[in-house]
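Asker: Listed below are the residues making up each chain.
2 protein chains.
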Amino acid sequence: MKTSSSSLAGWEPWMRRALRLAALAEGQTSPNPLVGAVVLDSNGILVGEGFHLKAGLPHAEVGALRQAGSDALGGTLVVTLEPCCHQGRTPPCTEAVIAAGITRVVVALKDPDPRVSGEGLKRLSEAGIEIITGVLEIEASYQNRFFIHRVLNGRPWGTLKWAMSMDGRIALPNGFSKWISCDESRGWAHRLRANCDAVIVGGGTVRADDPLLTSRGQREPEPLRVVFSRTLDLPKKARLWDLSVAPTLIVHGPEVVRPKKLVDHVEHLEVPSSEPRELMKALALRNCNRVLWECGPTLAAAALKQGCVQELSVVIAPKLLGGSSARTPIGELGYRSMDQAMLLDLDSIELLSSDVLLSLLIK
Amino acid sequence: MKTSSSSLAGWEPWMRRALRLAALAEGQTSPNPLVGAVVLDSNGILVGEGFHLKAGLPHAEVGALRQAGSDALGGTLVVTLEPCCHQGRTPPCTEAVIAAGITRVVVALKDPDPRVSGEGLKRLSEAGIEIITGVLEIEASYQNRFFIHRVLNGRPWGTLKWAMSMDGRIALPNGFSKWISCDESRGWAHRLRANCDAVIVGGGTVRADDPLLTSRGQREPEPLRVVFSRTLDLPKKARLWDLSVAPTLIVHGPEVVRPKKLVDHVEHLEVPSSEPRELMKALALRNCNRVLWECGPTLAAAALKQGCVQELSVVIAPKLLGGSSARTPIGELGYRSMDQAMLLDLDSIELLSSDVLLSLLIK
Numbered sequence: 005m006k007t008s009s010s011s012l013a014g015w016e017p018w019m020r021r022a023l024r025l026a027a028l029a030e031g032q033t034s035p036n037p038l039v040g041a042v043v044l045d046s047n048g049i050l051v052g053e054g055f056h057l058k059a060g061l062p063h064a065e066v067g068a069l070r071q072a073g074s075d076a077l078g079g080t081l082v083v084t085l086e087p088c089c090h091q092g093r094t095p096p097c098t099e100a101v102i103a104a105g106i107t108r109v110v111v112a113l114k115d116p117d118p119r120v121s122g123e124g125l126k127r128l129s130e131a132g133i134e135i136i137t138g139v140l141e142i143e144a145s146y147q148n149r150f151f152i153h154r155v156l157n158g159r160p161w162g163t164l165k166w167a168m169s170m171d172g173r174i175a176l177p178n179g180f181s182k183w184i185s186c187d188e189s190r191g192w193a194h195r196l197r198a199n200c201d202a203v204i205v206g207g208g209t210v211r212a213d214d215p216l217l218t219s220r221g222q223r224e225p226e227p228l229r230v231v232f233s234r235t236l237d238l239p240k241k242a243r244l245w246d247l248s249v250a251p252t253l254i255v256h257g258p259e260v261v262r263p264k265k266l267v268d269h270v271e272h273l274e275v276p277s278s279e280p281r282e283l284m285k286a287l288a289l290r291n292c293n294r295v296l297w298e299c300g301p302t303l304a305a306a307a308l309k310q311g312c313v314q315e316l317s318v319v320i321a322p323k324l325l326g327g328s329s330a331r332t333p334i335g336e337l338g339y340r341s342m343d344q345a346m347l348l349d350l351d352s353i354e355l356l357s358s359d360v361l362l363s364l365l366i367k
Numbered sequence: 005m006k007t008s009s010s011s012l013a014g015w016e017p018w019m020r021r022a023l024r025l026a027a028l029a030e031g032q033t034s035p036n037p038l039v040g041a042v043v044l045d046s047n048g049i050l051v052g053e054g055f056h057l058k059a060g061l062p063h064a065e066v067g068a069l070r071q072a073g074s075d076a077l078g079g080t081l082v083v084t085l086e087p088c089c090h091q092g093r094t095p096p097c098t099e100a101v102i103a104a105g106i107t108r109v110v111v112a113l114k115d116p117d118p119r120v121s122g123e124g125l126k127r128l129s130e131a132g133i134e135i136i137t138g139v140l141e142i143e144a145s146y147q148n149r150f151f152i153h154r155v156l157n158g159r160p161w162g163t164l165k166w167a168m169s170m171d172g173r174i175a176l177p178n179g180f181s182k183w184i185s186c187d188e189s190r191g192w193a194h195r196l197r198a199n200c201d202a203v204i205v206g207g208g209t210v211r212a213d214d215p216l217l218t219s220r221g222q223r224e225p226e227p228l229r230v231v232f233s234r235t236l237d238l239p240k241k242a243r244l245w246d247l248s249v250a251p252t253l254i255v256h257g258p259e260v261v262r263p264k265k266l267v268d269h270v271e272h273l274e275v276p277s278s279e280p281r282e283l284m285k286a287l288a289l290r291n292c293n294r295v296l297w298e299c300g301p302t303l304a305a306a307a308l309k310q311g312c313v314q315e316l317s318v319v320i321a322p323k324l325l326g327g328s329s330a331r332t333p334i335g336e337l338g339y340r341s342m343d344q345a346m347l348l349d350l351d352s353i354e355l356l357s358s359d360v361l362l363s364l365l366i367k
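Each protein sequence line maps, in turn, to chains X and C. Just so you know, we're using our numbering here: the first sequence kicks off at 5 and counts up by one. Just so you know, we're using our numbering here: the second sequence kicks off at 5 and counts up by one.
Read the hints as simulated data drawn from the structure, not as lab findings. Some hints could be false.
[What the hints assert, rightly or not] Computed spacing ranges between beta-carbons, pair by pair:
| # | chain 1 | residue 1 | chain 2 | residue 2 | range |
| --- | --- | --- | --- | --- | --- |
| 1 | C | P17 | X | G179 | 54 to 60 Å |
| 2 | C | D351 | X | K182 | 25 to 31 Å |
| 3 | C | H194 | X | G138 | 43 to 49 Å |
| 4 | X | E188 | C | V261 | 50 to 56 Å |
The beta-carbon is built from N, C-alpha and C at its ideal position, and this holds for glycine as well.
This is chain X alone, in the form it adopts within the complex (with noise of 0.2 Å):
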């Protein structure tokens, strides 16, 4: 295979103007992934940009071949993802590259599945294609880390939210938890949905806080809303049962008795048991890359022990709320020493308004 890692860093600027046309379609491309791709002219001239708006649309690189059209001969793809070489919901990329007689491919990042993995590459390369891979790998590794994390898990990237008072609090002593955080971090809830494929909460959250979980518009269709109960002990009446509002699922465990379905328009899904981990395969299953945890203390603990949480989200609001009882974000670990503590790196910190941001991985 004619591959060449020599001046990487020659492409970088075309390759982050790739990835910024990636970015343009954020949160509304899985199951697939974000990609962006320019066509140069073989006199290095930028004929053609494209990027991937959504599963079933045309991919990155076949929108930036044919805004080039005949300039791409002789010219260079530069890709923000290996192009794929199988035929799914639209033809394979390496067929259209070739045939548009470009004649070198710089790349990001190979496709991450081990199983087709550099077989685009290889394809291109086959057809002597120069080819060119590593360039803002890393940058483009977290650009998909998302879809990443599901190819290679079976299951979704996980993110966890909580809003809590300064002293640790997601609600007062008697319950009430509207609202902790200000109106700018409601706000910026909603853009958070709206960069997730579907938003999750406990039967617990339905019954105590009847919950819209939508985006306010911001994407289209909403992210897929999920109650995930053990007893299906649901009430009758719910915003989220409101179907023209956003779909909603309804998942739970074998061992749910189920005399009757109380809200029989919305559909349920059984999974083989109650456990977060299951839910994860069955919604990576259902075309999510990322999933909101926006559940209580007991199922965000569950989902943290079972490694389905990937990312905290915290919002703190300058405020005590103080209490005995303990409402926080986090229920039983079963922790016994401070090294079993579950540990975080510190992503970035931002103020909403008078609220504090605090974006953690999991390490």
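Chain X is already provided as a structure; the job is to place chain C on it using the hints.
Answerer: Just chain C now, with coordinates in the frame of chain X:
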């Protein structure tokens, strides 16, 4: 009174220098304020600098005038606080200023004590000296906020400090709490103690943690270690009872039946009631401008409710502890609706290695 506020801005560079001089004694001047001073000769050339180092030692003005010597004649004194006009442990500064032949005094802040505020300036003015006030007044007030609070309220400024996990826990469910925060945070906590006149814990903290509560030699003498106990149910042996390391004071209310003092060599002080505000009054009388609350949730809640806390320092460690029992920083505050919550103003965010330090003011 010949007072001028014209061209305040022109004096700001000199006042900034005086403020920086004052800051050199941070944490060491109680019950006195921080004060810095510079003397310019009649041509505006710097001829003297001084700051107040410690109660009983010369005031800032005196040091600066001494350095200036005869160059002070016809010159300007720039000082962060109104010169005193009363005989204390040192003679009144106003007389030294007049005697040195200063013709202009530039002041940031009048004496915050309303009973004497303006008296020093009046004395200077009557002696024919031009007075300019209000230069960097906000900065000067901030620098002396602990002193000002004590003078105006008869109680020291209270800083409440705790370290918690990202899920708002100050201990594991079994009570283990060593260590939630990182080495660097614990070093920061020692430096914080060095800037406080007293460190307060309750009896529970003595029983559970046997803390040392010193600045590890960063303050000389070490801050007063205060045990505020409702019951005098204290262990016979504790690191706090070793007075060779630092002074310790046991404070209790009148309701305590005291058949015997378990730790006779440690000073006991009875206050009119076991309320935090009574402790604060007693500590103000013992020369404390600033105290550090390092207590458990119950005493912290009581101190907050009685206005004995002006500021929070919250260290958040990037780890999760979990647990359904309430090992959280603040006990019951009695709130029943969200609009009762105690509001805070975020003052600063710092990173202490892997931990996040949030500083907040009580609104």
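Asker: So, for every hint listed, does it hold in this structure?
Answerer: Quick rundown of the hints versus the structure:
1. P17(C) x G179(X): 54 to 60 Å: 56 Å, holds
2. D351(C) x K182(X): 25 to 31 Å: 27 Å, holds
3. H194(C) x G138(X): 43 to 49 Å: 47 Å, holds
4. E188(X) x V261(C): 50 to 56 Å: Holds, at about 54 Å.
Checked against the numbered hints above, the structure violates none of them.
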